[in-house]
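Novice: Throw the hints in and build the complete structure from the sequences for me.
Protein sequences appear in the order of chains A and B. So the first sequence is residues 1 to 98, counted in the numbering used here. So the second sequence is residues 1 to 397, counted in the numbering used here.
For the record, the hints were derived by calculation from the structure and aren't laboratory data. All figures in this text were calculated on a predicted structure; none of them were measured in a lab. A hint or two may mislead.
As the list claims (entries may be wrong) - For the chain B half of the interface with chain A, some residues (derived, Cβ under 10 angstroms), not all of them:
1. I10
2. D14
3. V47
4. R117
5. V131
6. I252
7. A343
8. L366
Stated by the list, open to error - Some, not all, of what chain B presents toward chain A, calculated at C-beta under 7 angstroms:
9. L13
10. L17
11. A58
12. M61
13. P63
14. R98
15. I115
16. E183
17. D190
18. L320
19. T324
20. Y327
21. L342
22. G344
23. V379
The beta carbon of each residue, even a glycine, is placed where N, CA and C say it ideally should be.
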Amino acid sequence: MRPAGLFLLWLCALGMLDVGLFIHGQQGRAQQRAEEPLMRLATAELGLTDLCVATEARYTRHPAVTDGVVPFMDHPGGLEHFPSGSFFAPPMAGPRAR
Amino acid sequence: MANPLLERQINFLDYTLSSLWRKRYKNLAVVVVFAVVIFLLASFQLVSNGLLERAQTALVMAPEILIQKMTAGRQESIPIAYAERLHDIFGIRQVVPRVWGYYFDEVTLANYTVIGRDQVGGGTDDQLAQVLSEGRLPTAANETVLGQAVFRTKGLQEQRIFSLFRPDLSLKTLTVTGLFKKESNLLTDDLIVLSLADARDLFGLPDGLASDLMVTVANPREISTVAKKISEALPGTRVLTRPQIEKTYHMIFGWRSGFASVCLLAALAAFFIFAWDKASGLAPDEKREIAILKILGWQTADVLVVRFWEGAVISLAAYLLGCTAAYIHVVFFGSTLFLPVLAGWSVIRPDLHLLPAIHLADLLLLFCLTVMPYLTATVVPAWRCASLPSDTALQGG
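Specialist: Structure below.
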């Protein structure tokens, strides 16, 4: 087989793998959508404001209800040092009602 | 072949692939490094998208307005009496004091979120019971419902009674009456839900104080208007609204989110310096090859087409491999590589088996950020060399 044929064959195989992954993802997302009412119920009934992603610092556990400067508040000159802080952008740029 | 133009391009591709195969180890190294950079960028984008999607769907029912008391730039407990100062504001349906906070368990070194609950959302206990995998909601004093991770971390197993320390180091004993479902782990994994009185007792919070006030408005369209009136009526407080909570998640998981994305973009920049160096400084044998091709009758455009195919094959292979590996990493391996950063020193680690949607815009953005510059970096130097007379190129000019 010509080299171009082999390359196109490889591309097709990778493409088919991607299509398979896409179909799998769509099926999983349908199941995820079925869980959404449960999540909304928990949020509404418990008054939740944040996802439980990082629990090491209060400003990454509840970024929506903390100040953007909280990481630096613990003492004068205190620096942000929790690893999860590097994943979250500071939310302070959002306009607050006050 | 029916189409001579297509046949010509396939011939060019054949020649390019043979040429790449001759230097297969060098080219394979470039593909691997390129694919790793794309994999990291795509994984980061997929994790951010996945978390943002979950936040958008779950937090659509977040509290409409929250009032926090601020003193010297810090949040502190708010007097419940503040609620009485809001009676005159038209549009407020209900003001509910909330008691919640964090509990650091010195035995397991885990941080838990403690929530005091007395009919927060106006729904019935039967409704909230749907979120429980077993048991029931607390109905009496000293009863609690736990998130899956709290139950696991405390090592309770068959045991249903455990104790937490009050601020004065006296013990408060709690009985577990239920567990939250695994499906809601992304919200409830670290929760200890108690009655309002028990939460107040655990934190040693006086009766007249609460952590914050949750306000429900009659018309959701008036949230911002009501929030503005509240902030005028209660100076020294911070008023958070549901749209702001949603906006926060857009910002923290956006493209520019965090220091990690800066590091990844730095890795991308480093790769381009590497690629530019590899591609722009044509090796003497590559220059000789171009000169010989020109002597054999190839035009400058033909040389450019070969170089284009060379860049396209390498970058396309790396792009497809990188993106596919990123999806597998995020969906099937729970973002293992990012978990140490995302969870940090948390003892309670999230189950990050996300299923993010694939957005064409993200794929195109990644394509433009990675493939296009590489193509430019390979074609431009070849054009400069191919424009030289053959004898000059053969002499190494």
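Novice: So, for every hint listed, does it hold in this structure?
Specialist: Verification of the hints:
no.: 1; hint: I10; result: 5 angstroms, holds
no.: 2; hint: D14; result: 5 angstroms, holds
no.: 3; hint: V47; result: 9 angstroms, holds
no.: 4; hint: R117; result: 6 angstroms, holds
no.: 5; hint: V131; result: 5 angstroms, holds
no.: 6; hint: I252; result: 4 angstroms, holds
no.: 7; hint: A343; result: 6 angstroms, holds
no.: 8; hint: L366; result: 14 angstroms, violated
no.: 9; hint: L13; result: 4 angstroms, holds
no.: 10; hint: L17; result: 4 angstroms, holds
no.: 11; hint: A58; result: 4 angstroms, holds
no.: 12; hint: M61; result: 4 angstroms, holds
no.: 13; hint: P63; result: 5 angstroms, holds
no.: 14; hint: R98; result: 6 angstroms, holds
no.: 15; hint: I115; result: 6 angstroms, holds
no.: 16; hint: E183; result: 5 angstroms, holds
no.: 17; hint: D190; result: 5 angstroms, holds
no.: 18; hint: L320; result: 5 angstroms, holds
no.: 19; hint: T324; result: 6 angstroms, holds
no.: 20; hint: Y327; result: 6 angstroms, holds
no.: 21; hint: L342; result: 5 angstroms, holds
no.: 22; hint: G344; result: 4 angstroms, holds
no.: 23; hint: V379; result: 19 angstroms, violated
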